[in-house]
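Protein chains in written order, with my numbering: chain A, 3 to 198; chain B, 3 to 198.
Since the hints were made in silico from the structure, they are not lab data. Backbone N, C-alpha and C fix where the C-beta goes; we use that ideal spot for every residue, glycine too. Do not take every clue at face value.
Away from chain B, derived, C-beta distances all over 10 Å, residues of chain A [what the hints assert, rightly or not]: (1) 16; (2) 53; (3) 66; (4) 73; (5) 74; (6) 79; (7) 148; (8) 169.
In the SDA-like style, the derived pairs of lysine to any residue whose C-alpha atoms are separated by at most 25 Å in a straight line are [what the hints assert, rightly or not]: (9) B:152 <-> A:85; (10) B:152 <-> A:64; (11) A:152 <-> A:42.
2 protein chains.
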Amino acid sequence: MRELMIEPQQGLAFELRAGEKLKVIDVEGGQVADLLAFRRDDPQERLSTGATIDNNGSLYLRPGDRLYSNRYNPLLRLVEDTVGAHDLIHPPCSPEMYRCQYGIEGDHPSCYDNFAAALREYGLPAILITTPFNIFMNTRVYADGRVEVKEPLSGPGDYIVLEALCDLIVALTACSVAESACNAYRCTAIGVEIWK
Amino acid sequence: MRELMIEPQQGLAFELRAGEKLKVIDVEGGQVADLLAFRRDDPQERLSTGATIDNNGSLYLRPGDRLYSNRYNPLLRLVEDTVGAHDLIHPPCSPEMYRCQYGIEGDHPSCYDNFAAALREYGLPAILITTPFNIFMNTRVYADGRVEVKEPLSGPGDYIVLEALCDLIVALTACSVAESACNAYRCTAIGVEIWK
Numbered sequence: 003m004r005e006l007m008i009e010p011q012q013g014l015a016f017e018l019r020a021g022e023k024l025k026v027i028d029v030e031g032g033q034v035a036d037l038l039a040f041r042r043d044d045p046q047e048r049l050s051t052g053a054t055i056d057n058n059g060s061l062y063l064r065p066g067d068r069l070y071s072n073r074y075n076p077l078l079r080l081v082e083d084t085v086g087a088h089d090l091i092h093p094p095c096s097p098e099m100y101r102c103q104y105g106i107e108g109d110h111p112s113c114y115d116n117f118a119a120a121l122r123e124y125g126l127p128a129i130l131i132t133t134p135f136n137i138f139m140n141t142r143v144y145a146d147g148r149v150e151v152k153e154p155l156s157g158p159g160d161y162i163v164l165e166a167l168c169d170l171i172v173a174l175t176a177c178s179v180a181e182s183a184c185n186a187y188r189c190t191a192i193g194v195e196i197w198k
Numbered sequence: 003m004r005e006l007m008i009e010p011q012q013g014l015a016f017e018l019r020a021g022e023k024l025k026v027i028d029v030e031g032g033q034v035a036d037l038l039a040f041r042r043d044d045p046q047e048r049l050s051t052g053a054t055i056d057n058n059g060s061l062y063l064r065p066g067d068r069l070y071s072n073r074y075n076p077l078l079r080l081v082e083d084t085v086g087a088h089d090l091i092h093p094p095c096s097p098e099m100y101r102c103q104y105g106i107e108g109d110h111p112s113c114y115d116n117f118a119a120a121l122r123e124y125g126l127p128a129i130l131i132t133t134p135f136n137i138f139m140n141t142r143v144y145a146d147g148r149v150e151v152k153e154p155l156s157g158p159g160d161y162i163v164l165e166a167l168c169d170l171i172v173a174l175t176a177c178s179v180a181e182s183a184c185n186a187y188r189c190t191a192i193g194v195e196i197w198k
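Generate the whole structure from the sequences, applying the supplied hints.
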């Protein structure tokens, strides 16, 4: 088993082989992890949260549901989930988001920049960054279309397990927002375990 | 005033200057039009339905709401809307979607291919295609996260008006799906009017 730790407001990328399991752990609780996935043999085929919503007919995922690519092929399967509240519709936080929503003009760590840096190590350009699977992000939707981001339901040690359905490059961040309920107003670490 | 007609299952791209109004008309009723928008001076900055949902706190748009870019800048403002039911979460239909959801292996017109062809005329690569603003697409969401695509609420002559907030390249399609409720099981034309 491989074990990795993503420090607060950091990100990394790694390979995940077909059949391998990926456990994403909310170490202290209340922390979101953004995930992107790319086919190892053709990274232009990548996780599409839109295709995932379309094929599952739902904004929320349940164990057994699959996550699909922009070419409507299954990339990952949700195997286990001790939380049950995640997000498929929000962009990764970015310098422009911090400027727009919080008036922060200077440097602020962000999932976008962390994705860009992590993907660069695999030769993948930032243009490939799209809407992530935002694990533990507790977005509630209402019948009138209203969307609300509440504090995560995850406590210390809560986790999900995903199974790779083909060879992937996965990028994962510990979300950088300390300014909102998204990460319960503080940024903490995300644990990773990978096994066959 | 410029007038354009998008024939059934076709698409086109055009320039829209800051301050110009764009009227998108459902000519016969029950027809979806997918819209993408790119900044004229830097097309890597483009419509992000995710940023639009994030900034408006809603999956549905109301008159006065703005549509934002991946850099969280406002690109368009919804000025008028005689329908009130549109979509910000579904990918454009694509050959792979028709294969996955309907088992159609051969050629089928698609919004994705129509976008790719229309953008090519402006030198924009297909990698820039993301989730469109799907005008008249009647996607209902429920509090349990379930998503359902129902027949459009638009009748003949119904329309929306958008105002450009900066110089844009806009790509627009008359959606190609005849196999589902999305376009009320038939594909018809979309009318366009542009004026200052």
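* Structure versus earlier hints - violations, ascending order -> 2, 4, 5, 7, 9 and 11
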